[in-house]
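**Student:** The residues making up each chain are set out below.
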Amino acid sequence: MKNNFKITKGLDIPITGIASLEVVSAGESEIWSVNPNDYHGVIPRLLVRVGDLVKAGTPVYSDKNRPEVLFVSPISGVVTNIVRGEKRKLLNILIKADAQTEYVPFPIRNPLEMSGDEVMKTLLESGLWPTLRQRPYDTIADPHKTARDIFVTGFDSSPLAPNYDFILKGQGADFQKGLDALTRLNEGKVFLGLSVNSHAPELNQALRVEICRFDGPHPAGLVGIQINQIKPVNKGEVVYTANALDVLAIGRFFNQGKTDRTRLVAITGPMVRKPCYVRCKPGIPMKTLLEGNVYKEASLRYVSGNALTGKQTETDGYLSANAHQVTVLKEGEGIHEMLGWALPRLNLFSFSRTYFTKLVRRFQPEKAYEPDTRLLGGERALIMSGEYEKVFPMDILPEHLTRACISGNIERQEELGIYEVAPEDFALCEYVCTSKVQVQQAVRDALEKLKAENGD
Amino acid sequence: MRPTFSEGGKLSKLHSVFEGFEAFLFVPDTTSHSGVHIHDSIDSKRTMSWVILAMVPALLFGMYNTGYQHFLAIGGLVDKGFWEIFGWGALAVLPYIVVSYGVGLGIEFISAQIKKEEIQEGFLVTGLLIPLILPIGVPLWMVAVATAFSVVFVKEIFGGTGYNIFNVALMTRAFLFFAYPAKMSGTSVWVTTRGSFGFGAVLPVVDGFSGATPLGQAASAVGDSVHFTNIVGQPLTWWDMFLGFEPGSIGETSTLAILIGAIFLIVTGIASWKIITAVFAGGIGSILLFNALAVNIYMAVPFWEQICMGGFAFGAVFMATDPVTASRTETGKWIYGILIGVLAMIIRVLNPAYPEGMMLAILLMNIFAKLIDYYVVQGNIDKRLKRSAAAAKKGGNHE
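Chains as they are written, first to last, in my numbering: chain A, 228 to 683; chain B, -2 to 396.
Warning: the hint list may mix true and false statements.
Stated by the list, open to error - With a Cα cut of at most 27 Å, we get these calculated BS3-like pairs of lysine-lysine:
1. B:390 / A:236
2. A:462 / A:229
3. B:390 / A:462
4. B:180 / A:462
5. B:271 / A:233
6. B:112 / A:678
7. B:380 / A:416
8. A:676 / B:383
9. B:271 / A:678
10. A:617 / B:383
11. A:617 / A:523
Keep in mind that the hints were calculated from the coordinates and are not lab data.
Let the hints inform the model, and build the full structure from the sequences given.
**Tutor:** Laid out in structure tokens, this is it:
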């Protein structure tokens, strides 16, 4: 079986503000939040009320459609407020933290000695099950569906992504325990996708998994691309996907008997003064996380995640439960470039050869750019052809699949491979699109509709 | 200024005009609200303006050639300096550009206002393509009517930019060709003997004047081989045809200028090199076949002369590569291009009714472009189904 893959299509977007390899501890914060909106496709069913005492690991809400999937509190304290939005949509569950975090105790067990069902039950109770996602539909893994295989990505190639080698340093035991837990979940294999540039022994010497190496630009680190290269998903099959950093949390749970969501979050972006790694838990207020570390001259956009697939967070918001990175960008409103589309614009990055980007980077290979959030154009119908194909290294026709998603043609979507993809796979297509089509949203809407149609 | 033009303001009916000018002068500062937070700096205005840049060599040479052919026809070419010739030609071509853009953009603004959408840049390119594919002798009012027809019936009713099936500029020419054939072909339309800017009396021509283009000459030639001549009877060399000193549509004559445009478009990645290469390959391949079979002297014309004649090169570089109307899959582009080249040569050489085959070949292939894509996509679908079936079978064997 082929284990080395060269990805030729794709694009690495050079942005300033990559996190330096230092760790800083986050400041103290009184109020934390659990956000049901962090997870897509979940209708939350509240399990606590205002005034309830919770520990780290107490279930706070569950999925209405799958009540066994629990979402737990990252810290211990008392529930102070349930924030609802329009139509009583659950926005935040605010918790006032204790001085010392208390954890819900779980037995310390070795997953290799447990059956698959037991491992699954334990993961569901621990609140760590939501870190496993599935294809098709790119939702939280369905515990009732047996996965053919499990794919773990061991690196992130997105712009300014955290360095997994650095984060996993010294955590080999926990990481391996997490992988062992995954191996118990089904009859198939666990594949670990690694970059050829990764040398960390914690990743490269992982046991009981099939290691596959990827060489090439982004999106080589996306698990969807890796699946398509290694062993594509066929109609009717289900695969689970995970991220090495979440597998680390799973392993730590089995080794320590508690749901400790402490993680290193990379603070990145052109508007960050000192990009670095912060040790914190999810649910921390963004204000605390980014205290004094951002340039305040312009209005800013906080993104939980990377600049391509991350979720916009309010400045008084909270870190998403599944975020390992924060990107701080400048909002582009109010920037008026006169006749900008006709000028050379040497300070802007472009994949297109109508700008001098390639020429400039030949003389300055290390040049990085400071993008803002503007569309840099108007939304149009699809005009140029062949754009998406240049940054989409799967054997799926991205433009035709996008068209099928926009027009709602379900049969066509199925024929063209909608079961294999997630919106994040199309992020680069959306980035390079001349017509500024909202590709990721179109794919997400199509996947939701398909899931409802199929009754999954 | 904005509130005056917005809904409820005094000039709200001209909102799309205001937005059009604002979008033309400034890069919009709208920020992204879904999906990616950052975007590439490429946009459709940049793409369209680059295509216009690529057409500029053909346009400039076309202006010069119009003047050149005019003075050659009425005599006195040797006395005229470069700027006089160019200036005369430019003033002769300018009304066509003004009419084309004026009518086309006017209709586009009205459509955008009706649809309450932003005006789109598609017509920036079409507006310049239309004059370049017309003979200089066409009356201006015909250009206006044809442009209006094309923009409304070929583009807007399908949904505007990005939704048209047929190439809009080529449909303008086709409309003129079929509605007013006497003004679009023959031997009197390719060189103008009027005064410049559409004014002035028709001037007398020198002895031996014949306005026939090389295409016309080849189609009507008798004898043992085709002898190309220019409009005053002197022999026309291949070099003349390549550089473009021959009668023809305004922008089509100079293969060199078109080549410069082609290199520009390919290097910047705006036009598909696959389509351009495929059109030339298909065309040259057919010519070689005709040379081998040569039943008449037209079929014996060698390929290096054939590709410099008529609108073949211009169509290959600027018309066939229109991404909206061409095939969109990479494999499809090859098939689409080759078929255009082959059909253009077949219509040109074998069909006595149409001297120029390129326009009809491209319009015909516009119909089939999506059919070609359909089969390429079907191939991708079949591959996926086969893989799925094989996996299901393997899974079944393990039961």
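**Student:** Now look at each hint and say whether the structure bears it out.
**Tutor:** Now for the hints, and whether the structure bears them out:
Taking the CA atoms of residue 390 (chain B) and residue 236 (chain A), the gap is near 32 Å; set against the 27 Å cutoff, the hint is violated. The suggested pairing of residue 462 (chain A) with residue 229 (chain A) holds, with an alpha-carbon distance near 22 Å, which does not exceed 27 Å. Straight-line distance between C-alpha atoms of residue 390 (chain B) and residue 462 (chain A) comes to about 13 Å, which keeps the hinted pair within the 27 Å bound. A C-alpha spacing of about 60 Å is found between residue 180 (chain B) and residue 462 (chain A), which places the hinted pair above 27 Å, so the restraint is violated.
For the hint pairing residue 271 (chain B) with residue 233 (chain A), the CA-to-CA distance comes to about 25 Å; that is within 27 Å, so the pair holds. Proximity of residue 112 (chain B) to residue 678 (chain A) is assessed by CA-CA distance (about 34 Å); at most 27 Å being required, the pair is judged violated. Only pairs whose Cα atoms come within 27 Å are accepted, and residue 380 (chain B) paired with residue 416 (chain A) is accepted, the gap being roughly 24 Å. Taking the CA atoms of residue 676 (chain A) and residue 383 (chain B), the gap is near 26 Å; set against the 27 Å cutoff, the hint holds.
This hinted pair does not check out: residue 271 (chain B) and residue 678 (chain A) have alpha carbons roughly 39 Å apart, beyond 27 Å. For the given pair, residue 617 (chain A) sits about 25 Å from residue 383 (chain B) by alpha-carbon distance, which is consistent with the 27 Å threshold. Pair hint residue 617 (chain A) plus residue 523 (chain A) does not hold up; C-alpha atoms about 37 Å apart against a cutoff of 27 Å.
In the structure shown, a violation is registered for the earlier hints numbered 1, 4, 6, 9 and 11, in ascending order.
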